[in-house]
Amino acid sequence: MVVIIAVLAALIIIGSLLIFVLKDVLHVAVSLSAVFFINSLIFLFLNQPLLAAIQLLIMIGGVSVYLFVGVAAASYSHFRYTNYAALAVAAIAIFATMAYGLYASGTAAALHSLVQSNQFYTAQIVSSLTSEYTIMALYAITTMLFLIALAAIPLLKELTVK
Amino acid sequence: MLEYLLLLAFALFSIGIAGVLASRHFVVIVLAVEIIIVSSSLAAMSLYSYTSTGAILPLLFVIWAIAAVDVIALVVFYRYLAKFKVSMDVTKLNRLRD
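So the protein lines, in turn, are chains A and B. The opening position of the first sequence corresponds to residue 0 in numbering that gives the first Met the number 0, with each subsequent residue numbered one higher. The opening position of the second sequence corresponds to residue 0 in numbering that gives the first Met the number 0, with each subsequent residue numbered one higher.
Pulled out of the complex, with its shape left as it was, chain A reads as follows (with noise of 0.2 Å):
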């Protein structure tokens, strides 16, 4: 599960930097969507499956299909629009800042005697809504959404080309 965990956290610092790496505008919105997804699984590995569903749901089928259909079917650009050394320097700094932040004031120390003393915190609530049946038929529905979107791009350059 740990081992899991690292590589969707790799994965999803990867997606989160691509963000500014890409030129275009649909390719920055397939990996902002792949974040909220990865996000979602990093939930659903937290032994909270209604939560993830509630998550996928939002964030993959509201937010990037509207993404899509309102911003990436419009046009494309083509810019330079990062400054990679400005953003590397602030991004070090704040986290740097954040964690000692973290661990100086005695927080973790203190989170991790909580969780220590809270035994019962794999109990989790699995009722008949959250069924790994339901929670896979979910997944199945958003992916099938996240693709239609996905597909309908071309169709709707074409409609607002002409």
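Hints were generated in silico from the structure; no laboratory data involved. Keep in mind that the hints are not guaranteed to be accurate.
Claimed, not checked - With a Cα cut of at most 30 Å, we get these calculated DSSO-like pairs of lysine-lysine:
hint, chain 1, residue 1, chain 2, residue 2
1, A, K22, B, K84
2, A, K22, A, K156
3, A, K156, B, K91
4, B, K84, A, K156
5, B, K91, A, K22
6, A, K156, B, K82
7, B, K82, A, K22
Take the given structure of chain A and dock chain B to it, following the hints.
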């Protein structure tokens, strides 16, 4: 495990803030704000999952509402800018005053 999840959320948050600071494209700035929203959702979710504090759940719903409203505002402003053929470069947005 909780600390590493919080560190992951911090990394996403710092990438989002740095993207807002370092980008010039209008859409990419709003999408960096979306990364910040994802990171806050991840932090709230990991705290809820490891400490079973029910008071975090309304925060999650507020975060999702903000994410939805954010993208709707992005689409409205994008169509406005594209209609009047204003550049997507935010350093040139003072053309809107004319």
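Hint check results:
Proposed proximity of K22/A and K84/B is supported: the alpha carbons are some 20 Å apart, at most 30 Å. Taken as a hint, the K22/A and K156/A pair is honoured in the structure, with Cα atoms around 18 Å apart against an allowance of 30 Å. In summary, the hint linking K156/A to K91/B is supported, as the alpha carbons are separated by about 26 Å, within the 30 Å threshold. Distance check on the hinted pair: K84/B and K156/A sit about 17 Å apart at the alpha-carbon level, within 30 Å; holds.
The hinted pair formed by K91/B and K22/A meets the criterion: a straight-line CA distance of about 19 Å does not exceed 30 Å. Straight-line distance between C-alpha atoms of K156/A and K82/B comes to about 16 Å, which keeps the hinted pair within the 30 Å bound. Restraint check: the Cα-Cα separation between K82/B and K22/A comes to about 22 Å, which is no more than 30 Å; the hinted pair holds.
The structure shown violates none of the earlier numbered hints.
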